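Asker: Residue numbers (this note's numbering), protein chains in the order written: chain A, 132 to 711; chain B, 66 to 219; chain C, 491 to 1086.
Among the hints, erroneous ones may be present.
[Claimed, not checked] 20 Å max Cα-Cα, derived EDC-like pairs, lysine to aspartate or glutamate:
| id | chain 1 | residue 1 | chain 2 | residue 2 |
| --- | --- | --- | --- | --- |
| 1 | C | K973 | A | E261 |
| 2 | B | K113 | A | E327 |
| 3 | C | K734 | B | E95 |
| 4 | B | K209 | C | E1076 |
| 5 | B | K160 | C | E1076 |
| 6 | C | K583 | C | E542 |
| 7 | C | K986 | A | E190 |
| 8 | A | K267 | C | D963 |
| 9 | A | K267 | C | E960 |
| 10 | C | K973 | A | E222 |
| 11 | A | K260 | C | E1076 |
| 12 | A | K197 | C | E987 |
| 13 | C | K979 | A | E222 |
| 14 | B | K86 | A | D299 |
| 15 | A | K219 | C | E987 |
| 16 | B | K86 | C | E720 |
| 17 | C | K964 | B | E156 |
| 18 | A | K574 | A | E601 |
| 19 | A | K206 | C | D800 |
| 20 | B | K160 | C | D963 |
| 21 | C | K574 | C | D632 |
| 22 | C | K794 | A | E192 |
| 23 | C | K794 | A | E179 |
| 24 | B | K210 | C | E542 |
| 25 | C | K1085 | B | E156 |
| 26 | B | K113 | A | E448 |
| 27 | B | K201 | C | D526 |
| 28 | B | K209 | C | D573 |
| 29 | C | K794 | A | D569 |
| 30 | B | K201 | C | E572 |
| 31 | B | K113 | A | D453 |
| 32 | C | K1085 | B | E208 |
| 33 | A | K711 | B | E104 |
| 34 | C | K577 | C | D632 |
| 35 | B | K210 | C | E976 |
No lab work stands behind these hints: they were computed from the structure. If you're wondering where the values come from, they're calculated on a predicted model, not measured in any experiment.
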Amino acid sequence: MASPEHPQKVKITLNDEIVWCDPNAYIIDIARNNNIYIPHFCYHERLERTANCRLCVVEIEIGGKKRIMTSCNLKPQEGMIVNTHTPKVLEARRVNIELLLANHDLNCPTCAKNLHCKLQRYSGELIVKETPFTGKRRNVPVDESSPSIRRDNNKCILCGRCIKMCGDVQTVNAIQQQFRGFETLVSCAFNEGLGESSCVNCGQCVIACPTGALTERSDIPHVIDALNDPHKIVIAQTAPSIRATLGECFGMNPGTNVTGKMVAALKKLGFEKVFDTDLAADITIVEEASEFIKRLNANENLPMITTCCPAWIKFGEQFFYDELSHMSTCRSPQAIMASLIKTYYAEKADLDPQRIVLVDIMPCTAKKFEILRPEFAGEADYVLTTVELGKLIKEMNIDFEHLEPARFDNPLGESTGAGAIFGHTGGVMEAALRTVADWLENKNFKHIDYQAIRGMETLKEATVHIDGMEINLAVVHTLGEARKLMEQIRSGTCKYHFIEIMACYGGCIGGGGQPAPTERFDEVLKKRVQALITEDLHKEIRKSHKNPAVNKLYDEYLGDIGGERAHKLLHTSYQRREFK
Amino acid sequence: MPADVNDLKLVESILKKYSRKEDTVAALQELQQTFGYLERGHLELLAKQLSLPLVHITGVATFYTQFKFTPKGTYHISICRGTACHVKNSETLLKHVERKLNIKAGEITTDKKISLECVNCIGACAKAPAMMINEKVYGNLDEKKIDMIIHSLE
Amino acid sequence: MTPITALADLKKGHEALTCDRITVGLATCGISAGADRTLAAFQAANLPLIIENVGCLGNCYAEPIVTVRQDGSTAIYGHVTEDKVQKILDAIKTKTICKELFLGRTLEEIDFYKIQKRLLLANCGKINPLDIDQYVATGGYDGLAKALRKKPQEIIEDVLASGLRGRGGAGFPTGQKWRLIAVKTGKKILVCNGDEGDPGAFMNRTVMESDPFKLIEGMTIAAYAIGSDEGIIYTRAEYPLAVKTLRSAITIAESHNLLGKNILGIEGFNFNLRIVMGAGAFVCGEETALMNSVMGLRGQPHYKPPYPADKGIYGYPTNINNVSTLSFVPLIMSMGAKEFAKIGSEKSKGTAVLCLTGKINRTGVIEVPMGTPLREIIFGIAGGPPQGTTFKAVQCGGPAGGCVSEKYLDLPVDYESLLSIGAMMGSGGLVVLNSDSCMVDVAKFFMSFTRSESCGKCTPCREGTTRIWEILDKITKGLGTPKDIETLKSLSQYVKENSLCGLGQAAPNPILTTLAQFADEYRVHIEQKECPSHSCRNLVHYRINEKCTGCGNCARHCPVHCIAGRLKEKHVIDQSVCVRCGACYENCAFDAIDKG
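Construct the complete structure from the given sequences, taking the supplied hints into account.
Answerer: Next comes the structure, spelled out in structure tokens:
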């Protein structure tokens, strides 16, 4: 019964300690809050609890009866006795791991997830010596049809997190369980490749996958080849969020800003120039703000939707091809920087663009797809995700932690706080508002922190009053949330003027190419966001249109904002996309 | 896409009866009943009709053993592998039929006349061992009886 | 009180039952024995008698079954295949009895029925399943009429008082289940679980094919009691005749205002019934998987809670009962809860409907009071194992149940007793095994079933059942090691305790019960590489003995041509090539091949 000190709580005994807990919480989370980590595969804070991996079992005693039960879907009851690691529990978990190992491709040292695999981790922790089971083992071809994601079903443990991510969260539904029983496979329709499916390459499945079944398709070998080619000039650009996450690849705390070390590492790897995508983000804002003001004045094609996210763009082209006019024609910062490097910079440095190999360091598996869009042919050459960059740095034996910080190169290395916050949900909108407000009212506003669109809610709404106008904004992340908004647009019930859409939860800091948090997912993401917000706060210039490097670029090369050259180099178009 | 225009019309006439997600299984059953198996093009049309991702349709279709993705023969023999049949040597009968038709369970004869599969209990346990040819049940089988039945298939 | 007028019009069927007529049992088992041709032969004979098809009497061993009622006296005949129809026609003409095929005057005269108590099956094989007049003539819809005079709450109290427990396996008190859903408000769905997937169980099919109105009446009463207006009968596509029969029966009931809107003129009592066909997945017998299947999804189970009564199909409170459970309801209403509760044992009330198959003389579907000892059923009703063989075990409750050896044969058939020895009532399938059956092979067979029926959702069942099967397969092939027994035990225990749903939790039962009761058989397979019952193919050897006449018949039947010998000389089997198919053994006319 609830006691006066603990109203509405129930009392349980958790490993011999009395714990008062919320009757609607789940044992696995209660245990975590009491510093007990219960191993699990299928459970994920943000996904539906399906209790199918059966690893998170604990021993429960109610009314003198002992039972083995899964803790991820178990709510506490008054007087419940929970033991999380009795011999019986440990044995059950061990057999679980043994069964999975018996049907698993055990080439661990050569697996992309080596040392980051939960199956490997638990196998070690539970001291599984060898699996007593021999016999049939899944043996299916690896799917390498996607430019972004590699699917190796021989390493799949059927936890189902990827499916929930792709279906429930993203509503893309590229993959689903096929067949049944021992033959069950996570696959596309008719077992075809991800590359031909509705997959938008967001890589949220990769983040969700506890093993090596879903990984980024690696471009490391190509990049190494380019770095070793004496005829090539290899240049890198790094997206806004990388500096907030790369440190995690080296055991640093989430939210550690490693900008300087990152640039230094890239230089050590042999990149001749390291440019900052943040600057391209500033250009995106300048173009997008001007585009938005035009649309607003003409009351045309509203709401306008941001287009920095390539996964969202493919999603829109597939499922909302009748509403493409709402999308900003502005390229993503990645594509802007790529086109500028191969034109402006090549010209300025007197380089043959053919000799330049541009490697994008991105938080994102979908960027690997974006650079293959025919509109962007010949611009960026390779995309490495944060995780891949981490691996490359390790491969080249660089002691990342002790590197002396270095600075981005000019002329494409100077950026503002507005560019920095592109890396998290709401950042693009906030950056755009700073410019739109200044321009519309012809002022230099001081209060530029738009708190209403910060935070991790998947739909954030705000109304701002600028120049006598009431502008309704929406910021969404995850494609499921985007779909709801798009349905509103389709049905004519959308009240917004300006919308930011990011495919990944949290925006780019939660991108499919980022290191996957092993636990406390939301907390890790919030720390990453904070790193970017701090960077913004410490920047001298926090508005894109005040970036001197950007203004210089327009003066020297691009001409007018939204002008002809700007249009050619900084904008793009979209079309209906069929999928199987 | 289905090659035959008549097929297409038939598919359309079937599909228009279904509109909800919960109709998936029933629609698949009718398609299979009509065509003997599930064809890719038909499933694509079904996905459109029900506004469901194709991968959902194939996920459902591959879950249930009733659904086949290769054509059935004019005569579809289902050998019962239920308990009662098993203890009465249905495995030997299966092997016998396989030898006789020179196909394995799950296959079809080259002339497309007879296809063979194993099924779970068809509920004719008291007549074990049993089999079904299309929807007709044959019980108390032995090798001779099976030979006679197969010979009688036109 | 609302007058039940419409029913009065239906009573004319009584005449049809008492007049002279010939009936042929035309349920699935009858048809598989050729009863359709038998019926056609009678019809072609142009007799001045009514010829009618009925359902299944349950004595499947004697199919096709024909009942002749002539001048007020009845004769029941068995094994009446098409070619034997003439004999019966002759008897009818001479007003005598055809002794060759005669089973008895009444069911009670036949051994198979002597200790049976047929309540649920009373109409099966006696009435035309689709003649609602005949159904009413036997007391049909009396239950509904009585129920509609009561308050829903009173019906639930009656069902509680009757002691009726779920016949689908778990034995949960039906009244309690109804009580849980009756208190919910808003839309509720009533589901009849007719997904009878247990190999060796076909009592649901029997009822659906032979007495569909009983089920429909039961569902109508249940709907009234719990306050549901939408009913679904979920059954298997593998039961085409049951589906067809039910569909027709539903249409007929609708046309008599026994289903649909304002049933029997009672304002606001609406109940629509439809059929949803499963598509071949045993796991869909599990209620959460069934609900997913009804919603057009993969039939995978979901953990409980939430229970269906709280959150079922499309989130609506849903009540799921087995075919037999629902079919008992009209009887309870009509005979009274007290009378019903007098039948059976202390905790298991009423009768048990069971299916008898396997190595016994008389197979079929039977009904006995709960608590009847297994021995009476197997040796009394079923006549024991075939001559020359001895009883070894009975598998109770299908793949989820367990094997019961001779030692426990005096155990009464009820929920608690069977559970006490690791078996279970399940859906009531009894598969009898005799000295020819190998228990390791039987265990392997069940594992191969659950393995192929595992939905794949949870790790223990998906991976574990396959590994258990693989170990058993190894043992039956003579490749087992002593350590395998330990692995089997611990893995089976693991799968039982850790699986998500009932399928996985019960899947190891056949292994655990055979390991406990027939450990010796396992040991012989492993240590001596022999199969004591000569049924594991790889452990059987065929050798030609001195009786061989050299006829060459065996060599001609050998699929791998491994039998050699000159004509009229003793032949020899090349053991290194032999695939142990047994074709030689089956085809030898001189008993010259030893199996061992």
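Asker: Identify every previously stated hint that the structure contradicts and give their numbers, smallest first.
Answerer: The structure breaks hints 11, 21, 24, 29, 34, 35; every other hint is satisfied.
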